[in-house]
Amino acid sequence: MNFFIKRSIIFASGFLIFIIVGLILPNNNSQRSVDYSLLAKHDLLESTKGPKLILTGGSNVLFGFNSEIISNELKMPVVNHGIHAGYGLKYILDDVLPFVKKNDIVVLSPEYSFFIDKNYLGKEPLLFSLTAKPENLKHISFSQLSQISQFIPKFSFNRTKSFIFNAIFNSKNNSESTISNYTEFAINKYGDHNLHWDNNKLNFDSYDFNGAINNDVLLFINKISKEIKSKGARLLIAYPSLCKSSFELNSNTVENIELELKKYNFNIIGTPKNYCFEDYYFFDSPYHLNGQGVIKRTNQLLIELKEVLK
Amino acid sequence: MLFNSFEYFLFLPFVFLLYWFLFNKILTIQNLLLLVASYVFYGWWDWRFLSLIVFSSIIDYYCGIFIDKANTKTIKKQWLTLSMLINLGFLGVFKYFNFFSQSLKEAFLNFGYELDTLTLNVILPVGISFYTFQTMSYTIDVYRNKLKPTKDPIAFFAFVSFFPQLVAGPIERATNLLPQFYEKRKFDYDKASDGLRQILWGLFKKIVIADNCAIIVNQVFDNYTDYNASTLFIGALFFAFQIYGDFSGYSDIAIGTARLFGFNLMQNFAFPYFSRDIAEFWRRWHISLSTWFRDYVYIPLGGSRGGTVMKVRNTFIIFIVSGFWHGANWTFIIWGALNAIYFLPLLLLNRNRINTNNVAENKLFIGFKELVQVVITFLLTLLAWVFFRAPNVSTAVHYIKDIFSASILSMPEVSIKPLFFIILLVFVEWLQRNYKHGLEFSNHKINRPIRWVIYYVLILMIFWFGAEKQEFIYFQF
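Those sequence lines, one after another, are chains X and F. Using the working numbering, the first residue of the first sequence is number 171, and each one after it goes up by one. Using the working numbering, the first residue of the second sequence is number 2, and each one after it goes up by one.
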């Protein structure tokens with residue numbers, strides 16, 4: 171028996187060491203991914219004097235607004251905190267909460283998929299964010315760990331692969347200076363991803379997120395809403411932008427999510443239909459707006475915000 | 002709790018250590034630990050499911066005792082009937098009620114009458130068909146005097162809910178599994194290591210084969226009208242390996258896990274896609290269910306002892322019931338009937354037991370004749386799988402019709418990446434076809450470093466190529 175356990179531990183240790191090495195290897199990419207923009211966004215949230223308006227959510231927010239227009243119109247500083255829906259709503263809100271101060275306004279635009287199954291707990295991208303900001307491990311619950319654990323080995327192997335590849339080949343390409351989309355510096359001083367604003371629409375598939383709504387998500391938003399309120403700030407919920415083809419594919423689920431949200435005492439601004447735009451307003455996914463789409467959504471949000479903030 | 006989940010990754014070693022180190026002195030305590038662990042495992046899905054399994058266990062525990070105590074055959078039969086009614090009643094309510102209600106409504110609609118039928122808004126408890134059949138085998142065997150009823154409720158409850166095989170089998174016979182709860186288990190290094198190897202092979206089949214195939218299968222079956230014939234063929238082919246990887250993978254994990262705890266479960270799959278005829282296929286596919294139906298339905302009906310009409314009737318009954326066991330949908334019934342049609346000629350010509358040995362026995366390569374037989378048998382099962390996978394009969398018919406078109410020779414319009422994994426699976430299982438599972442090394446002289454490299458490579462493949470986690474298909478049954 172002891173022999174069996176000893177052997178099993180030795181065998182597992184070999185595997186574990188391999189995973190750990192992959193996790194702690196430094197990021198030697200010539201351009202770091204947009205996940206690392208979280209560091210700049212945190213600096214921005216910390217340094218911006220309040221009361222400020224914080225836009226948060228997944229990549230529909232990162233790719234969804236021109237914060238400069240909002241800031242000029244509302245005469246208040248704006249920070250775009252959105253990065254990736256794959257982090258999960260729980261992580262996104264846990265991450266932004268410490269930066270919320272008295273009289274701040276938090277506009278949350280959660281992706282619809284957050285409300286389905288356990289998506290709000292995050293997926294593989296959450297590991298990228300934790301690599302960018304390891305201190306955020308403190309926000310990770312057992313349920314989140316359970317949800318993302320299956321991705322850890324693959325994530326670690328990919329990091330090792332990328333590290334070796336960059337170590338061998340990238341030393342010659344260090345002169346590369348053009349910033350690409352989805353990289354750390356593809357964002358402007360407000361936190362909006364603006365590098366793609368002049369790019370043409372790319373082909374993308376419709377997104378089917380139909381499924382059963384998880385009530386835990388609503389309870390979680392409710393809890394966060396109360397915490398924000400207790401800080402003397404306000405939480406407003408706005409719907410994400412979604413291209414028409416995907417909207418129609420998921421119309422029942424969207425309707426159900428809207429009904430569920432209405433059951434709580436949330437400050438909801440606008441309706442899902444207000445943010446359902448023709449497909450040509452989108453860049454490379456059903457949630458990511460292009461330059462034109464960003465203006466359209468920003469103006470729509472401004473109309474609704476002005477109404478609420480009157 | 003899913004076998005391929007983080008929770009199970011923590012749960013299994015925890016229970017294992019408690020079982021062998023802390024609870025190993027007294028057998029009843031060790032069984033109690035298994036019972037509690039099994040209820041935690043099952044309740045992880047939904048704690049409400051527990052009420053059903055507890056109730057079912059209580060009923061069958063007492064029915065077993067009363068059957069044994071009864072003085073007359075009539076009273077024994079009454080207790081058995083009660084047990085059957087309650088078990089099948091659960092299945093009827095939770096699994097089949099809505100199907101019958103809906104079918105009745107549709108039948109009346111065909112005659113112009115609109116019935117206001119009742120449908121139940123209930124969730125199907127995971128694995129209900131598996132543990133119901135397992136516990137029914139107990140009362141039937143007690144009734145048939147093949148087994149003495151147990152007076153140990155903990156052993157019996159642990160037998161009904163034994164977590165490795167609770168939700169998707171193998172469906173164990175009380176005569177095989179229950180006595181193992183009465184005997185003190187001793188840790189056996191070889192058995193436990195082989196159990197771990199079987200778990201690893203099961204995980205590979207589930208995560209690398211089944212889950213990767215599932216992505217393409219869903220894509221093709223959901224949009225089958227958009228694809229050419231070769232793509233539809235790929236969809237059906239991948240489904241054949243998805244369901245095999247999924248279900249036999251689960252069985253491997255279940256059997257391997259049970260071995261870690263000192264239990265022996267029956268083999269559930271014996272490399273069925275190497276079968277040379279349908280009769281052989283059914284001796285190798287879901288063995289625990291096929292033999293259950295053989296022993297508790299087919300033989301009591303007269304089996305193949307009567308005349309031709311009797312044989313045909315019994316064969317159809319057994320296959321259709323088997324199809325219906327899988328789900329309340331006409332697609333499963335037709336799948337069963339199709340297999341009966343495949344099987345009948347063999348039975349009537351008395352050729353259903355000609356291939357009882359292993360294919361290419363004592364040879365490395367398969368002969369031409371056997372290869373043709375294996376391919377034909379596989380293609381027949383493939384056709385039947387389309388019914389099994391399709392959401393309704395009309396989709397299945399159109400799907401099959403569209404496969405038989407000129408575009409079968411064109412390039413598939415979906416990724417064929419899973420084909421690489423399927424080839425690997427077939428290669429390994431071909432080499433291992435004389436063993437119980439793909440990683441059994443009992444007679445191989447492979448030294449440890451090489452074995453460990455094989456394990457590491459498989460683990461790497463599981464994480465590297467593993468697709469997004471999917472539930473096991475057979476949980477819905």
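Bear in mind the hints are in silico, worked out from the structure with no lab data behind them. Treat the hints with caution; some may be incorrect.
Said to hold, decoys possible - With a straight-line Cα cutoff of 25 Å, these simulated SDA-like cross-link-like pairs (lysine to any residue) come out: (1) F:187 with F:33; (2) X:176 with F:383; (3) X:432 with X:355; (4) F:26 with X:178; (5) F:192 with X:175; (6) F:187 with X:432; (7) X:176 with F:358.
Evaluated hints:
no.	hint	in the structure
1	F:187 with F:33	holds, 17 Å
2	X:176 with F:383	violated, 45 Å
3	X:432 with X:355	violated, 38 Å
4	F:26 with X:178	holds, 23 Å
5	F:192 with X:175	holds, 14 Å
6	F:187 with X:432	violated, 59 Å
7	X:176 with F:358	violated, 40 Å
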